[in-house]
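Student: Listed in order, the protein sequences are those of chains A and B. Numbering-wise (my numbering), the first sequence opens with residue 1 and increments by one. Numbering-wise (my numbering), the second sequence opens with residue 1 and increments by one.
Any given hint could be a false lead.
[Claimed, not checked] To give an idea of the interface, some chain B residues facing chain A are shown, with a C-beta separation under 8 Å as derived from the structure:
#1 83
#2 87
#3 100
#4 178
#5 180
#6 181
#7 271
#8 288
#9 329
Source of the hints: derived by calculation from the structure; they are not laboratory data. Bear in mind that the values here come from a model prediction, so they are computed numbers and not experimental data. Ideal Cβ placement from N, Cα and C applies to all residues, glycine included.
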Amino acid sequence: MNARDEILAKLSPATPAILQPTTAATMPARGRSATRIGRFAAGLQSASATFAVVDGPAAVPGAIAAFLAANSLPLRIHLGEVPAAVDLRNAAQFEHGAERLPGDGGTLVTGCLAALAEEGVVVLASGARQVAADAFLAATHIVIVESGQLLDGMDDLWPVLQQGPLPRSLHLIRGPSRTADLGVPSRLGAHGPLRLHAILIDPAYVECADAGVA
Amino acid sequence: MDRAVDSRDFPAQAAAALEQPTLQRSLAAMRAAMPGLRAAALAELPGYPALRARARDIRDASIGSLGELLRAYEARVIAAGGTVHWARDAEEACRIVGELCDAAGARRVIKSKSMVTEEIGLNDSLQRRGLQVTETDLGEYIIQLRGERPSHILAPALHLGLADVAATFEQHHRRPRAEPLREAGAMLAEARAELRQAFLGADVGITGANFLVAETGAAVIVTNEGNADLAMTLPATHIVVTGIEKVVPTLEDLGVLLRLLARSAIGEQLSAYTTLVHGPRRADDAAGPRAFHVVLVDNGRSSLLGTAQQPLLRCIRCSACLNHCPVYTSVGGHAYGSVYSGPIGAVLTPALAGIAAAAHLPAASTLCGRCEEVCPVAIPIPDILRHWRSQALAARIDTGSERPGLRAWRFLAAHPWLYGRVLALAARVLRLLSVPAGARRRLRGLGPFGRGWFAWRDLPAPDGETFQERWRRHRLRERGA
Chain A
1 MNARDEILAK LSPATPAILQ PTTAATMPAR GRSATRIGRF AAGLQSASAT FAVVDGPAAV
61 PGAIAAFLAA NSLPLRIHLG EVPAAVDLRN AAQFEHGAER LPGDGGTLVT GCLAALAEEG
121 VVVLASGARQ VAADAFLAAT HIVIVESGQL LDGMDDLWPV LQQGPLPRSL HLIRGPSRTA
181 DLGVPSRLGA HGPLRLHAIL IDPAYVECAD AGVA
Chain B
1 MDRAVDSRDF PAQAAAALEQ PTLQRSLAAM RAAMPGLRAA ALAELPGYPA LRARARDIRD
61 ASIGSLGELL RAYEARVIAA GGTVHWARDA EEACRIVGEL CDAAGARRVI KSKSMVTEEI
121 GLNDSLQRRG LQVTETDLGE YIIQLRGERP SHILAPALHL GLADVAATFE QHHRRPRAEP
181 LREAGAMLAE ARAELRQAFL GADVGITGAN FLVAETGAAV IVTNEGNADL AMTLPATHIV
241 VTGIEKVVPT LEDLGVLLRL LARSAIGEQL SAYTTLVHGP RRADDAAGPR AFHVVLVDNG
301 RSSLLGTAQQ PLLRCIRCSA CLNHCPVYTS VGGHAYGSVY SGPIGAVLTP ALAGIAAAAH
361 LPAASTLCGR CEEVCPVAIP IPDILRHWRS QALAARIDTG SERPGLRAWR FLAAHPWLYG
421 RVLALAARVL RLLSVPAGAR RRLRGLGPFG RGWFAWRDLP APDGETFQER WRRHRLRERG
481 A
């Protein structure tokens, strides 16, 4: 008997798997007191990431430039897959890096598949226009989130994935890279980015915020 | 476990660990920080007890249908263009990985941290084939340079201080340096630069998997550093090496376990990077490995099914039991002589390596039960510790003076009159030997006896009277009244 058959014989009889959640999906209700965006901002902050909201795609280049300037970083960016409505290629303020990031870092700008408010997570998928490795080679990762992509939390992500098709790799990213191997507190930038900045495009939110509602 | 597992030296190793100042400082910091971080993270999670019960049920249901779930997982990996390999034991697993590296024409291999690859001794095996293997988790990298073993499931270099790390880097990183390494930030930058080169030059990336999802064929890999993501995206070949028990049915089930894993482990909602990987690069992908292999390792796991130790297969390797254990947080991981240390190591090591090599581990517990309390999948570790103790006794494996001790106790217990007399005498003698300490008296030593105990702790002194004596006195007084 080969190893596969020998191991499987010890496990359980060969019946077709019926894949159901093992118990009824009754997750505890999450707090609804804060707005989804507020929870996303708080989640990002607790993960040592930073956050900005803009009122439309046209405001994204300015928000990126402002973030880079505030962190004394050069206005040189590498583009992954960004939302079609955001035009960074023709934005005059940036110098564009090569198609692939250099091995020693740089600033990467990408969109995302989804973002999870509760966990402060952005979800990146590998694909034809997104090199997954770049999100870990970059020293700074700026992620553009469209308002429709912001979900309450992890439980809302699974149905999106179950619609398929699944990418080769899906990365749930919660803040910059960190390590506790050199003692407490954790240090940022172990292997992956030292900074993660999320820019949410949400016209309604910005209007509310201007009116002092949000 | 084929890697020389031997816990017969546990008493001597534990005693030595108590004398290591760096280790003791790290353990004290852990005792001070980790329980609070975990408790705070769970306090903000609504309905934790229900979620924990559900996590336990998910793991039990998964273990109850491992065969079906692994077949479903395998079918999905194959459909996505990957290959699944099955390994009965450590030797077979190492051979499969070695042959995959050879077939890929590999010379340089990068790894992210994986307990299964530690368990099977993969690095030694690959190095014997002439491959250059680099661990990339920072802690794991440091101990690899030093030729040491991990001392904690998640923090493998816990036993080292910054000065040790600096000395290690200065010895192994051949780079010009204006001044000696002192700052943790400088050490991190140096390791980042060294390992970046290793990532970019590697032919094969090896990762473990925290979970496998049968529904979608996902291997789920969790890190805080991002090293696993580089290891699985840059090289042309990605090999996942993991245990057969890691599979769960669906993505919803995965969600429940992810909610508990990082909170239990490090007091965070979620680790920095949670990655689901489904095979080699797709036809239209811009990048990614061309070859994707999963090696499913049994190595004794299937033999736990249907036994008292089956609940061990629930373990999601969060290490909460280590962080809360009075024994682990006193002696650290190396004393256990096994890659799995702490309470889970004390029950898992005898299961994987045999009780003869590991009898000291289940004996080294006060059965305080904190491990079970903090376990996110409710593994009854104290029950299994007791099971192993009785196995060790039945197999006549002597861990010291317990057999003569038990024999003496049995004789006394069978002779109640004598039992009462001996106890009364002992209560008086111990009282005489005790010293005042506040309002009560405490025992600080017994001359030539119990030096191992009294070197580190004292004992409350008896009142000089046994319970039976006091009861008799009480009854006499009542009758008198």
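Student: Could you run down the list of hints and mark each one as holding or not?
Tutor: Hint check:
Interface restraint check: residue 83 of chain B against chain A, minimum CB-CB distance 12 Å, threshold 8 Å, status violated. Because the smallest distance between the Cβ of residue 87 of chain B and any Cβ of chain A comes to about 6 Å, under 8 Å, the interface hint for this residue holds. At about 15 Å, the closest approach between the beta carbon of residue 100 of chain B and any beta carbon in chain A exceeds 8 Å, and the interface hint on this residue is violated. A hinted interface residue such as residue 178 of chain B counts as satisfied when its beta carbon comes closer than 8 Å to some beta carbon of chain A; here the least separation is about 20 Å, so the hint is violated.
Using the Cβ-Cβ criterion of 8 Å, the hint placing residue 180 of chain B at the interface with chain A is not satisfied: the shortest such distance is roughly 16 Å. With a least beta-carbon distance of about 11 Å to chain A, the hint placing residue 181 of chain B at the interface is violated under the 8 Å criterion. Interface hint at residue 271 of chain B: satisfied, since its Cβ lies 7 Å from the closest Cβ of chain A, which is below the 8 Å cut-off. Proximity of residue 288 of chain B to chain A holds as hinted, the smallest CB-CB distance being about 5 Å (cut-off 8 Å).
A least Cβ separation of about 15 Å between residue 329 of chain B and chain A goes past the 8 Å threshold, and the interface hint is therefore violated.
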